[in-house]
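Enquirer: One letter stands for each residue in the lines below.
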Amino acid sequence: MSQKPTIVVKKNGPYVVTDCQMLKGLADGTVYETSGTVALCRCGASSNKPFCDGTHVPSGSPTRRRRTICPTREKTTSVPR
Amino acid sequence: MTIHDNRGICAHAARCTDGLKEVFRLGTEPWIDPNGADADAIIAQVNQCPSGALSYSVDGVEHRDREGDPMILVAPNGPYAIFGGADLQDVTWGDGASHEHFDLCRCGHSTNKPFCSGAHWNHPFDVPKPD
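Protein chains in written order, with the numbering used here: chain A, 1 to 81; chain B, 1 to 131.
Please note that a few of the clues may not be correct.
[What the hints assert, rightly or not] Computed spacing ranges between beta-carbons, pair by pair: (1) Val127/B with Gly29/A: 31 to 39 Å; (2) Gly36/B with Lys11/A: 42 to 50 Å; (3) Asp19/A with Ser57/B: 28 to 36 Å; (4) Asp65/B with Gly25/A: 20 to 28 Å; (5) Gln21/A with Gly94/B: 21 to 29 Å; (6) Asn48/A with His63/B: 16 to 24 Å.
[As the list claims (entries may be wrong)] The calculated PhoX-like cross-link candidates involving lysine-lysine, where the alpha carbons are at most 25 Å apart (straight line), are: (7) Lys21/B with Lys4/A; (8) Lys10/A with Lys49/A; (9) Lys21/B with Lys49/A; (10) Lys113/B with Lys11/A; (11) Lys24/A with Lys113/B; (12) Lys10/A with Lys113/B; (13) Lys24/A with Lys4/A; (14) Lys49/A with Lys4/A; (15) Lys24/A with Lys10/A; (16) Lys24/A with Lys49/A; (17) Lys11/A with Lys49/A.
Just so you know, the hints here were simulated from the structure itself, not pulled from any lab data. The beta-carbon is built from N, C-alpha and C at its ideal position, and this holds for glycine as well.
Generate coordinates for the entire structure from the input sequences, incorporating the hints supplied.
Expert: Rendered as structure tokens:
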């Protein structure tokens, strides 16, 4: 079995992944070339996804305040649980 | 067998409710009907759960982690799906969470960071650029 990656969650920044042996697109199977260490976007704003390009969405921005808990596939407003 | 449902770490990928509707019933309570399909079908479906919210036990032994080489999958408009284990540093894990497969937030809106909470459903972020 190959080496497991190490993932560090940077505060207001990306995931820094070392020993990243396999990074692949789930939809089309695209394999991303990595040198083993990558910074992966975790704010959704990078123009070079899945990699971080330094465009971090500020944590106080309006988009960050629109939070929703437990969305469903139907986008209904209330689902009994 | 016993089906375990760990709601707190579900990423709402909906593999179960899409893949085996007879057992994993969206909008019905209780939402899991263990008699809706045979054990092999349920096990195969539970093994598709990316977040680790679903697992199962047979004869009192829980089957939570899976075999496989480490990989990070990038889900379109969804999270990073980790399989095969990763050393995720300085993170508080949910009780009963698998350290072998889990989903990491990619949109920045999760209510359970760094894990995915499914919040990307209401915040599409991975929209293809126009040509």
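Enquirer: Which numbered hints does this structure break?
Expert: 1, 6, 7, 9
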